[in-house]
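Protein chains in written order, with the working numbering: chain W, 1 to 161; chain G, 162 to 843; chain Y, 844 to 1018.
Just so you know, the hints here were simulated from the structure itself, not pulled from any lab data.
Some hints could be false.
Stated by the list, open to error - Lysine-lysine pairs mimicking BS3-like chemistry, simulated, CA-CA at most 30 Å apart:
id	chain 1	residue 1	chain 2	residue 2
1	G	K658	G	K638
2	W	K48	G	K548
3	G	K658	G	K433
4	Y	K882	Y	K922
5	G	K658	G	K548
6	G	K433	G	K580
7	G	K580	Y	K870
8	G	K638	G	K548
9	G	K548	Y	K870
10	Y	K870	W	K48
11	Y	K870	Y	K882
12	Y	K882	W	K48
13	Y	K870	Y	K922
14	Y	K922	W	K48
Quick caveat, the model's predicted, so the values are computed rather than measured.
Here is what each chain is made of, one letter per residue.
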Amino acid sequence: MAVIRWLLLVCLLVASSAASAAIEIQHFDDPALDGRYRALTERLRCPKCQNESIGASNSPISADMRARVAERLRAGDSDAEIEQAMISRFGDYVLYDPRLDARTWLLWGLPFALVVVGGGVIAAFVIRRRRLRHADLDAEERRRLQALMARHTDDAAKETS
Amino acid sequence: MLIRMLPELGHFALILALAMALLQAVVPLVGAATRRPLWMAFAQPMTWGQFAFLVIAYLCLTASFALDDFSVAYVANNSNSLLPWYYKLSAVWGSHEGSVLLWGLILGGWSFAVSLFSRRLPRDMLARVLAVMGWISSGFLLFILLTSNPFERVLPNVPSDGSDLNPLLQDFGLIVHPPMLYMGYVGFSVVFAFAMAALLGGRLDAAWTRWARPWTNIAWAFLTVGIALGSWWAYYELGWGGWWFWDPVENASLLPWLAGTALIHSLAVTEKRGTFKNWTVLLAIFTFSLSLLGTFLVRSGVLTSVHAFANDPSRGTFILGLLGLTVGLSLAIFAWRAPRVQSLAGFGWLSRDSLLLVNNILLVVMTVTVLLGTVYPLLLDALNLGKISVGPPYFNALFVPLTALLCLFMGLGPLARWKRMPGRELARRLALSAVLAIVIAAGLPLLYGGSFSLGVTLGLLLALWLMLSLARDVFDKTRPAHAGKAGRRGRLANLRKLTPAYWGMVLGHLGLAVTIVGVAMVSHYNVERNVRLAPGDSVDVAGYRFAMTDFRERQGPNYVADTATLEVTRPGRGGFVMQPEKRFYTASGMPMTDVALRPGLFRDLYVALGEELDNGDWSLRIQLKPFVRWLWLGALMMAAGGLLAVLDRRYRRVARRDAALRRAETPAAELNDDRVSPEISR
Amino acid sequence: MKRRLLLLIPLAIFAVLVAFFYRGLAKDPAARDSALLAKPFPAFELSTLADASQRLDRSLLEGQVTLVNVWGEWCPTCKQEMPQLLELADRGVRLVGVDYKDTRENGRRFLDEYGDPFTVSLFDPEGSLGFDLGVYGAPESFLVDADGVIRYHHTGYITPQDVEQVILPQVAQWQ
Chain W
1 MAVIRWLLLV
11 CLLVASSAAS
21 AAIEIQHFDD
31 PALDGRYRAL
41 TERLRCPKCQ
51 NESIGASNSP
61 ISADMRARVA
71 ERLRAGDSDA
81 EIEQAMISRF
91 GDYVLYDPRL
101 DARTWLLWGL
111 PFALVVVGGG
121 VIAAFVIRRR
131 RLRHADLDAE
141 ERRRLQALMA
151 RHTDDAAKET
161 S
Chain G
162 MLIRMLPELG
172 HFALILALAM
182 ALLQAVVPLV
192 GAATRRPLWM
202 AFAQPMTWGQ
212 FAFLVIAYLC
222 LTASFALDDF
232 SVAYVANNSN
242 SLLPWYYKLS
252 AVWGSHEGSV
262 LLWGLILGGW
272 SFAVSLFSRR
282 LPRDMLARVL
292 AVMGWISSGF
302 LLFILLTSNP
312 FERVLPNVPS
322 DGSDLNPLLQ
332 DFGLIVHPPM
342 LYMGYVGFSV
352 VFAFAMAALL
362 GGRLDAAWTR
372 WARPWTNIAW
382 AFLTVGIALG
392 SWWAYYELGW
402 GGWWFWDPVE
412 NASLLPWLAG
422 TALIHSLAVT
432 EKRGTFKNWT
442 VLLAIFTFSL
452 SLLGTFLVRS
462 GVLTSVHAFA
472 NDPSRGTFIL
482 GLLGLTVGLS
492 LAIFAWRAPR
502 VQSLAGFGWL
512 SRDSLLLVNN
522 ILLVVMTVTV
532 LLGTVYPLLL
542 DALNLGKISV
552 GPPYFNALFV
562 PLTALLCLFM
572 GLGPLARWKR
582 MPGRELARRL
592 ALSAVLAIVI
602 AAGLPLLYGG
612 SFSLGVTLGL
622 LLALWLMLSL
632 ARDVFDKTRP
642 AHAGKAGRRG
652 RLANLRKLTP
662 AYWGMVLGHL
672 GLAVTIVGVA
682 MVSHYNVERN
692 VRLAPGDSVD
702 VAGYRFAMTD
712 FRERQGPNYV
722 ADTATLEVTR
732 PGRGGFVMQP
742 EKRFYTASGM
752 PMTDVALRPG
762 LFRDLYVALG
772 EELDNGDWSL
782 RIQLKPFVRW
792 LWLGALMMAA
802 GGLLAVLDRR
812 YRRVARRDAA
822 LRRAETPAAE
832 LNDDRVSPEI
842 SR
Chain Y
844 MKRRLLLLIP
854 LAIFAVLVAF
864 FYRGLAKDPA
874 ARDSALLAKP
884 FPAFELSTLA
894 DASQRLDRSL
904 LEGQVTLVNV
914 WGEWCPTCKQ
924 EMPQLLELAD
934 RGVRLVGVDY
944 KDTRENGRRF
954 LDEYGDPFTV
964 SLFDPEGSLG
974 FDLGVYGAPE
984 SFLVDADGVI
994 RYHHTGYITP
1004 QDVEQVILPQ
1014 VAQWQ
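One chain only, chain W, in its complex shape (with noise of 0.2 Å):
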């Protein structure tokens, strides 16, 4: 659905950029390199552009950044070397994945602390819910308890079968 993204692109005064993908020849010896190069112009965001990564953009800033990332590839430099270059020319925004830092603790945190909150919060539904069931009834509870299970087995199985 990039797609109410045309309601963006029509407003966009440079929307050439996003309707022409960029394809270009950068052909390195090694498959590790190139599949190291494919996954950082992946990774890395063209500052200039709406939201598009710098591999995908054919902006001319998008060119450079691939350029300057093949040859530092060439060069031997490591992935966060060549990410960290990038950083300190263009700021945290060129990065898609935001590194951990003081600012991004809630962005990474928040999701594992609610998997966690949630699992205690199942628990704490669930035990209070068996203990229920084998809460002690009077007879007369029990007998209406009945009845109704009884109609509802009986409507589940009308409903559901």
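Given chain W, work out where chains G and Y should sit, using these hints.
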């Protein structure tokens, strides 16, 4: 003369629609509060009137497009006399003002549908539901009239021709994708209205969920199809073969989808078991709020684009106000009216209840994750902490494991019984499915090409787990009473006895499995090569030989194109021709990549033409995308499952029963309805 | 009562979110912060636009507050910016130009036509200095203090108002 006045007529119709929406919002509510039947009955005619005037307004705008009335600013900016007629008609929603009008029209349409098909509802309930929808309508119509009027004229200097629809939008995708998406977005207003009406009327029993379920399923199905169409459109239109970019605009549609999926499941629990009542109401509010939030994010330009609507910040402010008012009010009403009485139906660790709880928690975590990633850059910026980007690596890193976890429990869900399921029995019934899933998932990649990938194995494992456990469930549910020939007949008879609601669930879950296969395969086995070719050259990619036989310039209706002709052959098979193009649209001066596609159930070939290189060669990107069609096929199956469940006889039977109840309506019965039903409020 | 308070949690979270969105509305999502503030001007060794044989390096920027302006003949906004730069030069600001991704011929013609406010223009045909500066479009301007440290980054066009309200105060501040 009348034709020249069409825009004014449309504008006037819009104002009348607003007036009716306001009446629809106020009068029935007062009527319901003071128990005046006539006032409550007011809701329906106002809904019809509002819808009628919205249709008139919409038709007026469409007519302005069809008649090339460039004195209307919106038409002048988004159309051109040379535009084919079908794009003129769909250009109505090609930009902001018309999109919002379509939004309003669809909202009116949903209200109209509710007023038609819910006549069996208790009078006060229907009055409240329509009133809530009237409030939403009023807000949106005000928004259109005050900030985004599509009927504005450019007088007296009428342009001689329009500046044309963006070439990117001159496509079948524009015709189908936005209406589907809006049907989904806006459709969630119905379940929202039901929830609010239940809160306002103090009828928070299971009844409202039964009435709201079919509407929710339909809206969800539309949204599913809308998202899938968008993904498919982006895939072939944007030229680099991606199908999901985690763009804020995409996330805006995924958010209500995720919440809506959770809602569908929690509605089931509340209806069947009377539990999770507050939670279901809250989810209904969330789902529609996320639809509104999506609209805000897209329309206000806070996240994506400075160009989008920066020239008119009043729009963003207005929508934010609308969002704040709607969601704030509904959450406040929720806090005020939600019943304190807890439903106390018990269930055990392993039960359909607890598994659906897990489903809901996980889906909510996924929703929050996507929301967090989408708005986090905005939050930091608002605190002056600098600019960061959150993109695909973040979303993939979190979304994939969450989905895996979800699928794990999803395999158990359909087999588990309500209340309590002995673990041993569940294990016995699922052991075979689990073993088969593991064996096949480990073996299949070996057959496919030998290269092992953890992603593919994991994806296949999850998909197979879903499929096989469902198969097992169908198998068990149709187990005949007797063996032998009679038994086989018994199995067939039992198969027929399964309800549409059950088949809807099966189809929906299978759809997710199919989508997962698509995602896993295309993400990991995608072959992509950028090559340089000149006429006469050829190149081998992924077992196919691509030979460029011709390269020429071609004149299209409103563009010039460089067209490459490639003959694609495969040893031992027949060949075919692919013609990727690079188009230059003369009116707008925009270049466009027109991809050549060879679709197939198990792989697509995808060729995009790039740039002319130094020595007259051309660069091309050739991709082989395995199983990419499964993505959208699975989404269609999910949507079909959602719709199938609506056909269930149960809803009709329940409706009849409600009607009977209503005929026998007595003060006592009404009083009884206001209380929490006895089985849950012990 | 405690339960009722629990029910208010969603409302509270939402209110916070709306407050953020409201602040976000006033922000320009396209604005970027410069990564180079308070960092030394990147090292370079380039010839000047006027003289291909003259090589200059970072020492050019030491000893005096300088406004480094990145421009190019191909950039229409740069033409509109020229009057402001000329005014700044008139008012005693030292300007150094970087002719970015241009040809020598076009660059020289540009300065002949629109005036030359620069004490010297560096010639950066490959855009290597521009890249090290994190430039992603012209015009962009960097204020460098007497120690050669970047103190202010202006992305885009310097408007006539900016001269008085932004640039001159910045120059005065780092003098």
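Checked hints:
no. : hint               : verdict
1   : K658/G with K638/G : holds (10 Å)
2   : K48/W with K548/G  : holds (13 Å)
3   : K658/G with K433/G : holds (20 Å)
4   : K882/Y with K922/Y : holds (29 Å)
5   : K658/G with K548/G : violated (58 Å)
6   : K433/G with K580/G : holds (11 Å)
7   : K580/G with K870/Y : violated (52 Å)
8   : K638/G with K548/G : violated (55 Å)
9   : K548/G with K870/Y : holds (11 Å)
10  : K870/Y with K48/W  : holds (17 Å)
11  : K870/Y with K882/Y : holds (26 Å)
12  : K882/Y with K48/W  : holds (22 Å)
13  : K870/Y with K922/Y : holds (28 Å)
14  : K922/Y with K48/W  : holds (21 Å)
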